[in-house]
Amino acid sequence: MPSTFSYAFDTPAYKGTATINTGLFIGGQWVDPVEPATIDVVNPSTGKAITPISAGSSKDVDIAVAAAKKAYKTAWGLKCPGVTRGKLMNKLADLIEQNIDEFAALEALNGGKAYGVAKSVDIGGAIAVIRYYAGWADKVQGKTIETNENKLAYTRHEPYGVVGQIIPWNFPMGMLSWKVGPALATGNTIVLKPSEITPLTALKFAGLINEAGFPPGVVNIVNGYGHTVGQAISEHPVIEKIAFTGSTLTGRKILKAAAETNLKVVTLELGGKSPTIIFDDADLEQAIKWSAHGIFFNMGQCCTAASRIFIQEGIYDKFLEQFTAIAKGLGDSTGDPFEQGTKHGPQISQTQFDRVMGYIESGKADGAKVAIGGERYGEEGYFIKPTIFTDCTPNMKIVREEIFGPVCAVIKFKTEEEVIELANDTVYGLACNIFSENSSRAIRVAHALEAGSAFVNCAQATEMFVPFGGFKQSGIGRELGEYAIDTYTQVKGVHINIGIKL
Amino acid sequence: MPSTFSYTFDTPAYKGTATINTGLFIGGEWVDPVEPATIDVINPVNGKVITAIAAGSSKDVDIAVAAAHKAFKTSWGLKCPGATRGRLLNKLADLMEENIDELTALEALDVGKVFTLARGTEIPASIKCIRYFAGWADKIQGKSIETTENKLAYTRHEPYGVVGQIIPWNVPMVMLSWKVGPALATGNTILLKPSEITPLSALKFADLVNQAGFPPGVFNIVNGYGHSVGQAISEHPAITKLSFTGSTFTGRKILKAAAETNLKVVTLELGGKSPTIIFDDADLEQAIKWASHGIFFNMGQACTAGSRIFVQEGIYDQFLAKFTAVAKALGDAIGDPFSPTTRHGPQVSQAQFDRIMSYIEVGKAEGGKVVIGGERHGEEGYFIKPTIFTNCTTDMKIVQEEIFGPVCAVMKFKTEEEAIELGNDTIYGLGCNIFTENTSRAIRVAHAMETGSAWVNHAHIPELSVPFGGYKQSGIGRELGEYALETYTQVKGVHINIGTRL
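Residue numbers (the UniProt record's numbering), protein chains in the order written: chain C, 1 to 502; chain P, 1 to 502.
Keep in mind the hints are simulated off the structure, nothing from the lab.
Note that this is a predicted model, so its numbers are computed, not measured.
Careful: at least some of the hints might be erroneous.
Which stretches of chain C does chain P cover? Using the computed rule of at least three CB atoms under 8 Å from a CB of chain P, they are [as the list claims (entries may be wrong)]:
#1 94–104
#2 263–274
#3 324–336
#4 448–456
All residues carry an ideal CB built from backbone N, CA and C; glycine is no exception.
Construct the complete structure from the given sequences, taking the supplied hints into account.
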């Protein structure tokens, strides 16, 4: 019988108790894994364990998939009208909202995010996404297609059945909503693996599914490691569709597993090395604020982190001076997620901390200059100071590889053509941010950059209505917007002969 | 300097000379492979060599990709307006029309296709496909998306750049047109590898591409083997999209190569074991004719071949008697593709012949009963008689595995539910053919079948305007129709800030 875990918060930002079940959520029930195992969830602000949670294995994936398949065949899929699916999803969104403080507290505790940001951006955003897709649920449409008068031809956009979903640790509830929203709206059932680093809000979410009225087995949550639970999901013969957000390295493994098993359709949202480009005719003050948001938001732990900043030479010195001041201000507001005034938190884990610090050392070793930061903050937890490197060249590791921390490389450029070439010189293609008050130029550059999202005069400004995904090695497929409905449906062409005789 | 090859046809069905260049077609020029090598093209009617053609290697793939990339950046892609792309495609279709007899004759010779059938339907279909996509070329559309009044957000559906395309030997010109049409319409440049078994019509086509006025490098052909040229295409870092039609076995290799290299987006059209389902209220005479077309068209060498035939018990005996008679008549019309009375030709190669014959032997060994056929026809070439197995059970190899020959398994069923279950009992999901005069039942069953296409009261007649592709292990992605435009474009979301200030 899985245990519940309660955490009493007594902090300036939040006072209250949050309770979750720590088991696996399969077939509408909280269950223990077939083989007892747990994973400790760590508080990144202190490095101390918060609670263990159940860790599943491939055996639990099998059970979850069976429950999801059964639900799909009997109580969900197209047996459940879109209108009903939407209503349940709206109810679920309402329940999350009713519990928003608990969700935000758990997310801030587990993710090291400032509580206020966790509440408005992470949890608020997730609620909005679920409501958005609730509205799509009864609007899944195919086409009728003219061929000739002897045939009725139309398409159906049908759910896949059981979809596997694997989400990362940087925006646990946000990422959960991006996955669960469109999958449920289109009639799929789900086996979801949260990140084993940040499972708490997913477990809280699971606790609301029954209350919202979803039939058992529609949403199943199996916590565990990537190499066990994640691998089992990628290989499962009954799962026809898998969606993954995470590292490019793991994305390759998942696609390979699909190729070697049942050719399940794979959507991948992977890494990035997104450029911010600031022309000398930009609104510099705004550009600097957006640039800071672009790299330092969530401690740089964003797939769209704008970690390469290209500045046209005319404004370079002014930019660097003011940008460094902002980074300093952020560094001075480093602290516990539940302290008022905290604007910069820890990296998520020891591993990530080591990785980011390793890149910082590599930058220094390669001859880049640290304008600010470049070191740990404090003695406890995984805090790293906002860091700016200058004197960077395109072949440095810190310019080519995804760091996923509050570390950016600032580079000078001369012309529009040059910066397009520099910006596209990467295996990645997730996002780009362009600052210029000349609209024609801004749009020209947005169009020329090989990236799935282009932001003009803003940064990290993803919208749930607008499709999101990678060019090149940043991913395959699109999430968000109406496009996500295509991601979670498969097209059947139906041809009805109404007049041809052989 | 590559050589040309001319073949003079003096047959009842066609008299004339067809001339092709046997080299590689790269950058608008006929070139020799970097490392001299050739492949013999065999006439399946007699097993004799028609001609040798140049065979490329990964080195030629590199040169072709460079040419295609250069063309994309300078004279194609979005530098060439859609209207111009469409005009060139229409011109190409016109040239194909002017050369239709030569194209057909080469196809019939190379593949062993019945000339009159190829001339009447297949080759015209490939021309229509090019025209169909010519019409789409200036109608590529994204969306403008409402978010807030402070943002202009829209999507662009941009070409990938260089796309790799690998096509099979069963309907070479049709497969070429399904690939080349949408790829060029959307602004991509192409590196195409025809099947090394059936390269002749593609080589004729390449000549027409130049004549039509396409800039050099827009369309390139590198002939060669799957394990060399095909593999090089799947691994190439400058190819961001690959589209393949062929065996599920090779499809897996391609997806795996994508996973291990640059995560290029992969579309796969793979094998099938499509069911024909005949209810007792079907128009039986029509159903029999269509069932025969379903399995014996192109000597069973169709991805959508209706190779499992399920007949409701009430009409089983009647069906079998008449269907056997139809198969017998077909068997009596076996002959040279260029003879006007021929309705059934050879299998395409020795390897395919051996494969099908071994399935026939396995079927007998597993207890299937040969009602008609089940053996070679004649002494020369790769002819196999139309074959019907009865007494089949669902676990037999001839019922589960794709044979890709004129061999079907006929089985009985009682109820609609049973037919659906039996029909879906396969790892494949490409097509299904349903015969009943009860419309509700027909549509119910069409909707319940786990296949990308469903044909009611006819069998495997794809339409250019209706999407085509596989469920389950029959493939990933869709071709044809407007849906193909999505297959050959990647979505960029552009967010323009017109009022938010930080």
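Hint by hint, here is what the structure shows:
no.: 1; hint: 94–104; verdict: violated (count 0)
no.: 2; hint: 263–274; verdict: holds (count 4)
no.: 3; hint: 324–336; verdict: violated (count 0)
no.: 4; hint: 448–456; verdict: holds (count 6)
Hints 1, 3 from the list above are not met by this structure, while the remaining hints are.
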